[in-house]
Amino acid sequence: MSSKLSPKANERRRDLLKLGLGAAVAAPVLSLTGNAAANTVQTNAHIVISGAGAGGIAMANRFARSLPGARITIIDAREDHHYQPGWTLVASGVWNKEKTISKTGEWIPSRVNWVRGMVTEYDPDNNSVTVSNGETINYDYLIVACGLELRFDRIEGMDTNLIGQGKGVGSVYASIDAAAVTYDEISRWIQKGSGTGLFNLPPTALKCAGAPLKMTFTTLSRLEDSGRRNQFNVEFMTPSGGLFGVPFYNDFVKQRFTDQGVTRNDFWTLKGIDADAKKAYYSVRDGEDQVKDYEFIHVVPPMTAPDAILNSPLKFADDSPFKDWMEVDRETLQNPNYPNVWGIGDVMGMPSNKTAASVKMQAGVLEQNFLAHLQGQPLPARHNGYTSCPLITGIGKAMLVEFGWDSKLLPSFSFIDPKEESWTVWVMKERMLRPAYFAMLEGKI
Amino acid sequence: MTLTGILTVLWYSALPWLWLIALMIVVFLVPQILGRLKGYTFKSTGGIGSKVLPPIIAVAALFLLPIHTQSTIAYVNTWVDWMNLIGASIGAGIYAWFVLHPICFMRNRKA
Chain A
1 MSSKLSPKAN ERRRDLLKLG LGAAVAAPVL SLTGNAAANT VQTNAHIVIS
51 GAGAGGIAMA NRFARSLPGA RITIIDARED HHYQPGWTLV ASGVWNKEKT
101 ISKTGEWIPS RVNWVRGMVT EYDPDNNSVT VSNGETINYD YLIVACGLEL
151 RFDRIEGMDT NLIGQGKGVG SVYASIDAAA VTYDEISRWI QKGSGTGLFN
201 LPPTALKCAG APLKMTFTTL SRLEDSGRRN QFNVEFMTPS GGLFGVPFYN
251 DFVKQRFTDQ GVTRNDFWTL KGIDADAKKA YYSVRDGEDQ VKDYEFIHVV
301 PPMTAPDAIL NSPLKFADDS PFKDWMEVDR ETLQNPNYPN VWGIGDVMGM
351 PSNKTAASVK MQAGVLEQNF LAHLQGQPLP ARHNGYTSCP LITGIGKAML
401 VEFGWDSKLL PSFSFIDPKE ESWTVWVMKE RMLRPAYFAM LEGKI
Chain B
446 MTLTGILTVL WYSALPWLWL IALMIVVFLV PQILGRLKGY TFKSTGGIGS
496 KVLPPIIAVA ALFLLPIHTQ STIAYVNTWV DWMNLIGASI GAGIYAWFVL
546 HPICFMRNRK A
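So the sequence lines, in the order shown, correspond to chains A and B. The numbering used here puts the first residue of the first sequence at 1, with every later residue one more than the last. The numbering used here puts the first residue of the second sequence at 446, with every later residue one more than the last.
To be clear, the hints were calculated from the coordinates, so they are not data collected in a lab. Please note that the accuracy of each hint is not assured.
Stated by the list, open to error - Here are some chain B residues the structure puts well away from chain A; computed CB gaps all over 10 Å:
#1 Pro461
#2 Val472
#3 Leu509
Stated by the list, open to error - Listed next, with one range per pair, are the computed distances between beta-carbon atoms:
#4 B:Trp524 with A:Pro380: 37 to 47 Å
#5 B:Ile470 with A:Pro321: 50 to 60 Å
#6 B:Ile470 with A:Thr204: 44 to 54 Å
#7 A:Ser283 with B:Gly532: 47 to 57 Å
#8 B:Gly536 with A:Ser283: 53 to 63 Å
As the list claims (entries may be wrong) - Covered by chain A, according to a simulated footprint, are these stretches of chain B (three or more residues, beta-carbon under 8 Å):
#9 452-459
#10 522-533
Built from N, CA and C at the ideal position, the CB exists for glycine as well.
Generate the whole structure from the sequences, applying the supplied hints.
Here's what the structure looks like:
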């Protein structure tokens, strides 16, 4: 057939084929360029990673490439890996929960030994950890990436089993199932057509500090879409009097709450709930305790490092503001008392930095410093406190909040205004951050 | 963020949609190749379909793209938003023209 074509037509066809082949080849090549590994170091050290969340898996993948010869063990009991930044989208009805769940085993490199269990005891003086399956594992180096503990038990009457049971209790934090039924609980409240919704912040540091705000804003979107916004009362409780750590965003959210008719109750801390009576109990700084009736309450629990850390010498001293967290140098991520112990992720005591975006930044710093430490060199990398929160201000729009130590704004993209609500940022949050997270898990960025 | 990092994220973002990209390439290539076997060039005369539908698709995309992302055109706010939306809409229109123009050419030739 081609013999019937003119030479010019043949040339055009070849060009088209080249175009198609080029596209097919270029994409995988681009993927290979993304390996974010530092140099490689030959070692036979045994590295134990406690926790297979975002930080643990990212480090396992990086070390599997950059430390040929090392024996790497990762300890975690969870078979499922959760894309937690997507939980607010699930609780807002934007995603279904399956989109956030994958298998832990899919992300762990084949040369890494996976021990099913949780670390129950850290013994850095003897370079060993005890695991819930009874094993004691010795290490040369330890990476603590065990995340944090949700302390629902510190709220009297609160039980995660109450979430989504038709009693008006929701929490995006408790689990992916809880996030999904939180959506149902909010839907029931909206269907009822009236009543008070209480949204809370905890009195401790928290992971994804924007999530309580996002839940409020997406719920406001849904209330406004119902056409009966005026029939609902929405209140937001802040134990510290602040809504966000960065002054600009704190002021922005305060103004937006005022504009959208949200009542703010500053210095109120949720102490207990009576789910059957739909009452919430608050302590108020410099005031009398208060009781609030509700139709829906979004509970955000106090958070600390897991007990195994709190009962170990790895925690901050009791007189530190970070006494409930693991001690690390916030810039090098190394424990100052045990130089062979390092931290990454939510477990560390830092002013903010409990987000997947922080883990992305920390993973590169930790890898560079760890490799330098192995070679007896000065630690070259410094964590700048980077954290990021695409602050959803309504279903369909968001602001790209990125900042570091001292609330200094650290925008990644010069063309995106961090102080403007944007559809593009929403699309990034909804479509691109999950792939970026997966690239981070694999140590590609 | 480094250029490599951005490219890596774009690649990971495209991964779940490779089937759609492949389908779009096929839908683009089939009429182009068939048309060119019958003497079609970009300068050939198309038809009413290739004149009217691509602009309609581009304008429709302005409204449908935000809806497709569970948002609304009312939230298209910054110049980057508008640049992205208009760029994507024009892209959809151009793509439609690339597909429809050779199809219209072949229909005209048949007639």
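Hint-by-hint comparison with the structure:
no.: 1; hint: Pro461; verdict: violated, 8 Å
no.: 2; hint: Val472; verdict: holds, 12 Å
no.: 3; hint: Leu509; verdict: holds, 13 Å
no.: 4; hint: B:Trp524 with A:Pro380: 37 to 47 Å; verdict: holds, 39 Å
no.: 5; hint: B:Ile470 with A:Pro321: 50 to 60 Å; verdict: holds, 56 Å
no.: 6; hint: B:Ile470 with A:Thr204: 44 to 54 Å; verdict: holds, 52 Å
no.: 7; hint: A:Ser283 with B:Gly532: 47 to 57 Å; verdict: holds, 53 Å
no.: 8; hint: B:Gly536 with A:Ser283: 53 to 63 Å; verdict: holds, 56 Å
no.: 9; hint: 452-459; verdict: holds (count 8)
no.: 10; hint: 522-533; verdict: holds (count 6)
Comparing the model with each earlier hint shows a violation of hint 1 alone; every other hint is respected.
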